[in-house]
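J.: Take a look at the letters that make up each chain.
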Amino acid sequence: MGSPVSFFFEVVISGLLAGVMYSLVALGFVLIYKASGVLNFAQGAMVFFAALTFVSLVERGVNFWLAIAITLAVMIVLGILTERIVLRPLVNQPAITLFMVTIGLTFFLEGLSQGIWGSQPHGLELGIQDQPMQWLADRTGMFVSQFDLFASAVAAILVTGLALFFQRTRIGRALRAVADDHQAALAVGIPLKQIWAIVWAVAGFVALVAGLLWGARTGVQYSLTFVALKALPVLMLGGFESIAGAIVGGLIIGASEKVAEVYVGPYVGGGIESWFPYVLALVFLLFRPEGLFGEKHIDRV
Amino acid sequence: MAGHIARGIGRPVAALLGAAALALGAGSALGQAKEQFIPAIGYWVGPYAPGGSGFFGGMIDYFELLNARDGGINGVKLTWEKCETEYNNARGVECYERLKNKGPTGATVIQPLSTGITYSLIEKVTADKIPMISMGYGRTDAADGRVFPFVFPLVTTYWSQNTAKIKFIGMKEGGMDKLKGKKIVNLYHDSAYGKETIPVLDAQAKKYGFTVTHIPVPHPGNEQQSQWLQIRQIRPDWVILRGWGVMNPTAIKAAAKVGFPRNKMVGVWWAGAEEDVIPAGEAAKGYIAAAFNMPGTTFPVMQQILKEVYGKGKGEMEDRSRIGSVYHTRGVVAGIIAAEAIRTAQEKFGKGKSITPEQMRWGIENLNIDEKRLKELGAVGLMQPLKVSCLDHEGGGAVKFMQWDGAKWNVITDWIPSDQSLVRPMIEESAAKYAKEKGITPRDCK
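In order, the protein sequences belong to chains A and B. For the first sequence, position 285 matches number 274 in our numbering, and the numbering has no gaps at all. For the second sequence, position 340 matches number 346 in our numbering, and the numbering has no gaps at all.
Because the hints were derived from the structure by calculation, they are not lab data.
Derived pair list, reagent style SDA-like, types lysine to any residue, alpha-carbon separation capped at 20 Å: (1) K201/B to W264/A; (2) K291/B to L115/A; (3) K291/B to G116/A; (4) K88/B to G104/A; (5) K291/B to Q120/A; (6) K414/B to E48/A; (7) K320/B to G107/A; (8) K189/B to P255/A; (9) K88/B to G107/A; (10) K291/B to E114/A; (11) K291/B to I117/A; (12) K201/B to S263/A; (13) K357/B to N372/B; (14) K201/B to P255/A; (15) K414/B to E114/A; (16) K270/B to Q120/A; (17) K88/B to Q103/A; (18) K201/B to Y256/A; (19) K201/B to V257/A; (20) K88/B to G100/A; (21) K320/B to T303/B.
Quick caveat: nothing in here was measured; it's all calculated off a predicted structure.
The shape of chain A in the complex, shown without the other chains (with noise of 0.2 Å):
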């Protein structure tokens, strides 16, 4: 064990690496709030559906990357699915209709993926050991896992992929003017619904690499739909339009989290991370309401 200033650093890599998991799940809110402009609230479910989908193929005896192509069309379906029966009867509704819909949609995907699978517990091992990198530990002390330094890798992919999509591409601007004014975008003749459906079968993919690497990591259950409780302040600070501040949410989440853990949480009785995210993003929210990098919306009156 190395100093008390090799330890601190350790908490906040640790820490960091912890808040990419958190960005993964924030990212695919983020994908479907820059579309349709609402919460979607079945991110964890979809999580949750797309893991245990992908597991259970997998012990079913299917190969490992045709579980992942076969789910991502599970997830590509379920995007132009919820599109047709859900969202589309709702173009135009106001958000909180949207939003109600999603929690709809939440336990309708719990129940899915329980009545097709099961309800047991499985493990899930992607073939990178979630252990300390010894080569590191013996120079600097230092625990640092693989596995997270591989989910940071698969962030960063992701990440820039989405931000390529998302500012190079016609779909992506197409993406950007529906979020802004659904009506709008119709009138200059951006096809909504496809807009939609392709929003909700990116926002289906992302769930399954996030579902994978959470999956791995405390297994396939049913509490993986919880994982969008952790996604939310980094949401509320990072704002729910930005992939960018999905990504750096995470990360001040993530650390701040685990110092105040480690450092403050012995002082008050511990467990303090279950709400201080919470509570650090409200604080932020005080000064920049619309989040880290969040769309400043300015209203004529």
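Dock chain B against the given chain A, drawing on the hints supplied.
T.: Structure of chain B alone, referenced to chain A:
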């Protein structure tokens, strides 16, 4: 005149109706005489479904066995109705209210498999005079039957288990005197359930000279990096895992992540099922957990369940690989205890009759499942002998320890008795405090 005619017709009609009512009543009374209703207030969906479905599956499988093999208990068929609580207190209370008056004599006994629901029902079952069994969970001080006549935290309480756990750690260290100066971390679920054992651990730390650090994990426990960083800093000799649900595999994985040896982690029995270790994969190898029921299908009673229930196309476990799992055999033990209490009550109040909940309370309180009876039941090794009394609503108190080898649990100790010299005074003190708060006059058990 019309009234007179009506009265004239009315009399035979009333007589007929009366006779019919009597006949129906007699019929239902006859039907009632052959039925004993037990509600299955449990959970088969939601985050805790793996535990609930296994436990209630085992309990119902045992009732099915008795009905199929013996025609019930002395000819009284066991009947049940499931009610889904999703491990939610409010739903648990709702299920209780819905089912408490069902069956010919009402709900015979309640087993909610939830500490929260148990707490919510204590005053209700006492008022309704319906016994409630909380086997290995619930309120520890309810073991004092003078204050809690209708509540039975049977087999072992959390406090008893903890003293057995410290004895186990002492054994591993080479004697209880070797505990002096050792460091133990109690990693607990930040809830009433998780906090339940803090006083008894503190008392033992004082008695044996070890230090104990209590570290809470916020619900649901799917992120434990900071807790395990603290553990790494403390460098404990042992970690006691008092978890539930996803907290357990996450803790085991997090231990691997900071290089803490899994064979120095001892879990509570709610952290000691297949569902707690399989999600942790390779990291769970060597992990140890307490148990008051053993897993497996080699026990004669389990063989009979396979033959008489599953062999005939019945059985609660859709996934046959779960038959004989920790939660399933725990349910079988719950079934055995309930059935034996009914049998005991029938011995006193009339063989072949449906007993009332109050008579069942007597049956539980006079339960004596000794080694001989365990052999007759085909449950030697599956559970420990159990002798309940008016004073002692726990009855057993011993614990075994199991170790996960990556594929199955292996029993690594015999029954380790709890330290009742430490636990019992704490139970009585806590129960007396409860009695004072609630204005209860404790029964005289002499």
